[in-house]
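Chemist: What follows is each chain in one-letter form.
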Amino acid sequence: MSQRIVVDPVTRIEGHLRVEVIVDDDNVVKEAYSGSTLWRGLETIVKGRDPRDAGFLLQRICGVCTYSHYKAGIMAVENALGITPPLNALLTRTLMSNALFYHDHIVHFYQLHALDYVDIVSALSADPKAASEEAFRWCETPYACGADQLKLVQDRVQKFVDKGNLGPFANAYYGHPTYKLTPEQNLIALSHYLECLKVQRTAAQLMAIFGAKQPHPQSLTVGGVTCVMDILSPTRLGEYLTRFQEVADFVNRAYYPDLVMAGIAYSKEASVLNDVGVANLWTHKEFQISRNEWLFDSGIILNGDLSKVHDLDEDKITEEATHSWYKRNEPLHPYDGEQEPNYTGFKDEKTLNAKGELVDTKVFDTKGKYSWIKAPRYDSKPMQVGPLANIVVNYARGNKYVVPIVDKFLRDTGLPLNAVLSTLGRTACRMLEAKVIADHGLIAFNNLVENIKSGDTETCVPYKIDTNKEYKGRYIGNVPRGTLSHWCRLEKGVIKNWQAVVPSTWNASPKDAKGQMGSYEACLIGLKIANLTQPLEIIRKIHSYDPCIACAVHVMDTKGNELSNYKVNPSL
Amino acid sequence: MPKMHDNSIPKLLEEKGFSRRDFMKWSSAMAVTMGLPVTFAPTVAKAAELADRLPVIWLHMAECTGCSESLLRTDTPTIDSLIFDYISLEYHETIMISSGWQAEENLEHAIEKYKGQYILMVEGGIPAGSSEFYLTVGPHGITGAEHCRIASKNAAAIFAIGTCSSFGGIQAANPNPTNAQPLSKITDKPVINVPGCPPSEKNIVGNVLHYILFGTLPALDNYSRPKWSYGLRIHDLCERRGHFDAGEFVQQFGDEGAKDGYCLYKMGCKGPYTFNNCSRERFNGHTSWPIQAGHGCIGCSEPDFWDTMGPLEEPLTDRLYQSVFKGMGSDATADKIGIGVLAITGVAIAAHAAIGASRKNKGDSK
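Chains as they are written, first to last, in our numbering: chain A, 549 to 1120; chain B, 20 to 385.
Derived by calculation from the structure, the hints in this document are not laboratory data.
Errors might be hidden in some of the hints.
[Stated by the list, open to error] In the DSS-like style, the derived pairs of lysine-lysine whose C-alpha atoms are separated by at most 25 Å in a straight line are:
(1) A/1020 with A/833
(2) B/132 with A/707
(3) A/578 with A/1040
(4) A/903 with B/278
(5) A/595 with A/578
(6) A/746 with A/707
(7) A/578 with A/816
(8) A/898 with A/1076
(9) B/285 with B/246
(10) A/1040 with A/915
(11) A/856 with A/711
(12) A/595 with A/1044
(13) B/285 with A/1012
(14) A/898 with A/578
(15) A/1001 with B/278
(16) A/903 with A/875
(17) A/711 with B/132
(18) B/132 with A/1012
(19) A/1040 with B/172
(20) B/172 with B/204
(21) A/711 with B/134
(22) A/677 with A/595
(23) A/1044 with A/1020
(24) A/856 with A/833
[What the hints assert, rightly or not] To be clear about the criterion: a stretch of chain A counts as covered by chain B if any three or more of its residues have a C-beta under 8 Å from a C-beta of chain B, and this derived list gives those stretches:
(25) 579 to 590
(26) 675 to 688
(27) 747 to 754
(28) 1034 to 1047
Given the structure is predicted, the values throughout are model-derived calculations rather than measurements.
Ideal Cβ placement from N, Cα and C applies to all residues, glycine included.
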């Protein structure tokens, strides 16, 4: 008999995400549904406002990949107005992107994802000396892995566990049969988990040097950046270099070796292999390092065919809402996007609880609407975006910054290239992105210094908004969770229309009118779950996307209707 | 004062590998943050020794998680892991390991076990009324508002962390499509507002310490903000204040005045109308803050600031405000001076700025 399992909330993510699967008698997933249970409506709120404010308002879409929507909001307006900011401003924005990717990726792996692979309780039985020796197998100079230090970590955690009050560590899936690391390997990762709490703070400071603060930096403006004093200060530049190297050190001596270690340990674990999800991959150029160069290139791969990389045709992007809680179902281009909420709620059904009992719960109405996330499509196809897409497309393009790093990783793990197209690969590619930045992120810094040395201290260009003119413009780029685009129309000097088509919308998309699944749903099909009351495999797969659900939820109403008039039937 | 366990904080610290010296350093940093003389550090330390691992339940509503991220930035290097042990974080969706049924069990367990003893912290605005179902959490599809009502019932103290739970925030900006409300409109229990988008980590952590230190909740202004952190205007201690008084203003981003660090009032800085300690505490371990980075304050710790402070890069003068909550607008002094002063203050500041600038221009022409 088939069973329905509900996972809500999916924790260690940004936002409110619910996943439901239906498994057969062998506990193999036959159907999967992912949906967001929160609606905020920021795109409605920016309408009618000053375009200069858009970046600040839209930044509040997300405080985790903070800066992504800020930069996108500012650059979409610049694109609409035909503004090219000065080189100093463009390079400074890249320096802030370095910090964002660093921060997001290390925090995602260690704080949000690692414990899907690492069993803390197992680490307590490790031999610290053997663990230290183990660490040297993966890195010549391992990070925070001396035997004494590992002993200290173990003792601290042991005492914490002995108190019997685990706080945020309570009620997890310790001892789950799909954990594959040895106790010693678990201890290494645990040490890095704690170290990352310090390093992430450094990465945040790295952004704040030119960005004022993190989260929610405040130094970009339409036309450039405002942090001219910081850019011209040798002290600030030195601070940036130092902090950058501190994080690079962590990437090289902890993040990279840990992924090699985990890649080998999990290389035969069925639940993380052979499941690319959606094999249509899209990425976009980002990290401008000079007037005409970027660290990462753009491109599209269809059906997993790495032999051909296609160019983007912007007109082929649409969003539809057949299974989303909005009124109009048909696909629309983001410049003309239209969404009015139409909440139809859950259905009543019995599902398995944590004790394995069938209990009354709410479930998605999967024949109808079941998510606040819409279904974006490219040429009617679902796409996967994110580090996997970025690394694979750039590898297929022969990108000179990406290819050697990927080749080295494949050599170090002994994995074939197609192993990258999996849940494990997705997690590894996020690390590889951080590694590209650690190795090449300072090109932008050096070029900034060279440019200032040449006497160019311009940071902002003046501009005028003609209130009699209509403008439209967009930002397309790559942020920690993948390809992000913002689309705007300006009229009478204010925002007429705004649409953000974000990475998590692509990946977490519900089904479309043709029944095509988004990547979260697709990668769960065929997954065998060891213990139905402990769906660790589901969480591990979903976490590999680094879900950001506040980003994925948005609404726009082009007719200027008063949205507050909509009524929801609370009995649903 | 809630006494949870016999374990003292220094003992806990020792076990966690922190030295007494680290702890004293942290205590003096907190004393300064809270506006107390440094000599109060030993008192702070002593008070912290008395309680152990205050249980905290942190709920996520309609938000961006920026406040949780801010909490993670605690600045003294060896302290943030301490904070996680020191406050026993019973439920926090971004940090906790368990998901789904197990996560919800943790919440129910904590509310029951620590009845009347836990601190509730809420991040995010809350869809209310007929829009309440715009946010549901857990297998039973319970609304966010209901989660707040249940958790607030037996909390020892309730903090609204960030501008969203304090005042509604971005999703409550005009036209507030989800009818998002502040926490104070959802529960009938008293709520302490810790606004900011996001608030600095010190403003989040400092309030918990205040509770332990004095055994009482901090003194509040008329927006229920703790006076120790929101008692002064940004303008009062701004590093560019001298330029304001001298009439030296940035006229355009990137101009010579910007390179010289002139006042940002004419670029829309809302520092004169905004109550917060950013100019003293800054962000990310004193790394910087918006005005240092050459951008004006946007007034993010004031009620309805998205509606009342825009356009964010234009100066405010005398103006009337329209906001979804029909609030009092952005300016009132921290304690008792009301709305009437706002217009006068705005005019006075504009006049001061204009006089200063003309004086400066004259000086330039000589």
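Chemist: Now look at each hint and say whether the structure bears it out.
Modeler: Taking the hints in turn, this is what the structure says about them:
{"no.": "1", "hint": "A/1020 with A/833", "verdict": "holds, 21 Å"}
{"no.": "2", "hint": "B/132 with A/707", "verdict": "holds, 21 Å"}
{"no.": "3", "hint": "A/578 with A/1040", "verdict": "violated, 52 Å"}
{"no.": "4", "hint": "A/903 with B/278", "verdict": "violated, 64 Å"}
{"no.": "5", "hint": "A/595 with A/578", "verdict": "violated, 42 Å"}
{"no.": "6", "hint": "A/746 with A/707", "verdict": "holds, 21 Å"}
{"no.": "7", "hint": "A/578 with A/816", "verdict": "holds, 22 Å"}
{"no.": "8", "hint": "A/898 with A/1076", "verdict": "holds, 21 Å"}
{"no.": "9", "hint": "B/285 with B/246", "verdict": "violated, 28 Å"}
{"no.": "10", "hint": "A/1040 with A/915", "verdict": "violated, 42 Å"}
{"no.": "11", "hint": "A/856 with A/711", "verdict": "violated, 57 Å"}
{"no.": "12", "hint": "A/595 with A/1044", "verdict": "holds, 6 Å"}
{"no.": "13", "hint": "B/285 with A/1012", "verdict": "holds, 17 Å"}
{"no.": "14", "hint": "A/898 with A/578", "verdict": "holds, 18 Å"}
{"no.": "15", "hint": "A/1001 with B/278", "verdict": "holds, 16 Å"}
{"no.": "16", "hint": "A/903 with A/875", "verdict": "violated, 38 Å"}
{"no.": "17", "hint": "A/711 with B/132", "verdict": "holds, 15 Å"}
{"no.": "18", "hint": "B/132 with A/1012", "verdict": "violated, 61 Å"}
{"no.": "19", "hint": "A/1040 with B/172", "verdict": "violated, 49 Å"}
{"no.": "20", "hint": "B/172 with B/204", "verdict": "holds, 14 Å"}
{"no.": "21", "hint": "A/711 with B/134", "verdict": "holds, 20 Å"}
{"no.": "22", "hint": "A/677 with A/595", "verdict": "violated, 61 Å"}
{"no.": "23", "hint": "A/1044 with A/1020", "verdict": "holds, 10 Å"}
{"no.": "24", "hint": "A/856 with A/833", "verdict": "holds, 17 Å"}
{"no.": "25", "hint": "579 to 590", "verdict": "holds (count 6)"}
{"no.": "26", "hint": "675 to 688", "verdict": "violated (count 0)"}
{"no.": "27", "hint": "747 to 754", "verdict": "holds (count 4)"}
{"no.": "28", "hint": "1034 to 1047", "verdict": "violated (count 0)"}
Taken one by one, the earlier hints fail for this structure at numbers 3, 4, 5, 9, 10, 11, 16, 18, 19, 22, 26, 28, listed in ascending order.
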